[in-house]
Structure formats: C-alpha cells, structure tokens
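Chains as they are written, first to last, in this note's numbering: chain A, 1 to 116; chain B, 117 to 230.
Derived by calculation from the structure, the hints in this document are not laboratory data. Hints may be right or wrong, so weigh each one.
Claimed, not checked - Below, a list of computed lysine to any residue pairs in the SDA-like style, where the Cα atoms sit at most 20 Å apart:
| id | chain 1 | residue 1 | chain 2 | residue 2 |
| --- | --- | --- | --- | --- |
| 1 | B | 119 | B | 186 |
| 2 | A | 38 | B | 160 |
| 3 | B | 183 | B | 136 |
| 4 | A | 40 | B | 161 |
| 5 | B | 157 | A | 24 |
Next come the chains, spelled out residue by residue.
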Amino acid sequence: DTEVTQTPKHLVMGMTNKKSLKCEQHMGHRAMYWYKQKAKKPPELMFVYSYEKLSINESVPSRFSPECPNSSLLNLHLHALQPEDSALYLCASSQGRAGLRNTEAFFGQGTRLTVV
Amino acid sequence: EDKVVQSPLSLVVHEGDTVTLNCSYEVTNFRSLLWYKQEKKAPTFLFMLTSSGIEKKSGRLSSILDKKELFSILNITATQTGDSAIYLCAVDRRGTGTASKLTFGTGTRLQVTL
Numbered sequence: 001d002t003e004v005t006q007t008p009k010h011l012v013m014g015m016t017n018k019k020s021l022k023c024e025q026h027m028g029h030r031a032m033y034w035y036k037q038k039a040k041k042p043p044e045l046m047f048v049y050s051y052e053k054l055s056i057n058e059s060v061p062s063r064f065s066p067e068c069p070n071s072s073l074l075n076l077h078l079h080a081l082q083p084e085d086s087a088l089y090l091c092a093s094s095q096g097r098a099g100l101r102n103t104e105a106f107f108g109q110g111t112r113l114t115v116v
Numbered sequence: 117e118d119k120v121v122q123s124p125l126s127l128v129v130h131e132g133d134t135v136t137l138n139c140s141y142e143v144t145n146f147r148s149l150l151w152y153k154q155e156k157k158a159p160t161f162l163f164m165l166t167s168s169g170i171e172k173k174s175g176r177l178s179s180i181l182d183k184k185e186l187f188s189i190l191n192i193t194a195t196q197t198g199d200s201a202i203y204l205c206a207v208d209r210r211g212t213g214t215a216s217k218l219t220f221g222t223g224t225r226l227q228v229t230l
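Just chain A, same shape as in the assembly (with noise of 0.2 Å):
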C-alpha cells in the first residue's frame, strides 16, 4: 500500500466556516506534510510533522491549524478563510525515520478547497 488518502476531495466553504481536512497513511511513515498548490503554481510547503511533532512551519497564517492525532493521521483545521485560500491542499508522507535512508514524498490526491 502506498497510498495516501485524503477526504475530502472538493470541499466549499464560507469564510466564516470551521472545516477540516483529512490525511491518512498506513506505510509506517513518520513524516507528514501539508503543501498548498494555486493554480498553474508548483507545491508550497505549509507543514511538516516529524515523529508526529510539528517540526516545520512556514510562516503560515494561523487560519491554518495542523493537528498530528497519531502516526497514520494528518489533519488541518481550517477557519475563518479569505478567498486567497482557495487552493488544491495536498498532503504528503515519506519514510522519514532516524537511521533509514530518506525516501521520496508520496502525494494524496489533495482537496481542492474553495472558500466563498
């Protein structure tokens, strides 16, 4: 299995909403990834969790909350959006473990998120 799944795949919601998005992964991976891509742009880091502690953060605005419930699950928590947000969010694992070589990122499928 190597495969990451992430529900949902469209998700609309007004900027007053709370919503979240979901990632899963059963590869015994133990970093985990938020990236954000606009239109006709590449990928852009938002999060990384490492050992299922945050260990990255890029300066992202606190509308966004990641959130690590255990090793197989990624989750971010959305609220009070602006339009600038509408994106594909796609989430991403990789093996990520002390004394392993690293391995490629595997990528979800992502939700495209349109706030209104």
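Given the structure of chain A, go ahead and fit chain B onto it with the hints provided.
Positioned in the frame of chain A, the structure of chain B alone reads:
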C-alpha cells in the same frame, strides 16, 4: 533563499519525439533532487537523485544529476500522449532532521500530440 528553476516552461511535441527537461538549483545543504509527474492532482514520483553522474532509468524515462554544475535533466524517449503532464523538479535540503523539505520548481508543461 533556495531556488529551483525549470526550463522550458512549456513544450509541445509530436508522439515519438524525444524531449529533455531541465532543472537547475541553488540550495544550501542539498540532500537530493526529485522529479515528479503531475497530471490532474497528485504529483507522482519518478526519480530521486543523490549522486552525480549516475543515470536513473525507468522505461522510456531517465534522469541524471550534476552536483558540480547544479542541474539535472529528465529525458523522455519515444513520447506518448500519456506523457502529457506537468513535470516538477524538487530539491530536498539537509538540516530538517529525518523529514524532507522540498522546494519545487515551477514545472514544465509537456503536451504530446498525435
């Protein structure tokens, strides 16, 4: 600031042609360079390169890294319409513990026509 530059930005070729996509980078504490293919949503992994001069090959695709000149190329021979996609180059840096920190280039949009 880390920089990954891909060229060309877009390319239209006929089925059967051979294409070469370029990626140059300026990154502190380089760890590896990766190539991904993105069709609709998820980038799918193609190659990871860590050592100079060693070609990686998978079917009609191959890639090589030059760490002295700071670039990589991705070759696709005998292109097919199914190769139409955006090809993303990304560089991973050391210093992020066991996790990756990928910086992506802007991508090359390849269109293969009949």
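Cross-check of the supplied hints:
no. : hint            : result
1   : B:119 <-> B:186 : holds, 11 Å
2   : A:38 <-> B:160  : holds, 18 Å
3   : B:183 <-> B:136 : holds, 18 Å
4   : A:40 <-> B:161  : holds, 19 Å
5   : B:157 <-> A:24  : holds, 17 Å
Taken one by one, the earlier hints all hold for this structure without exception.
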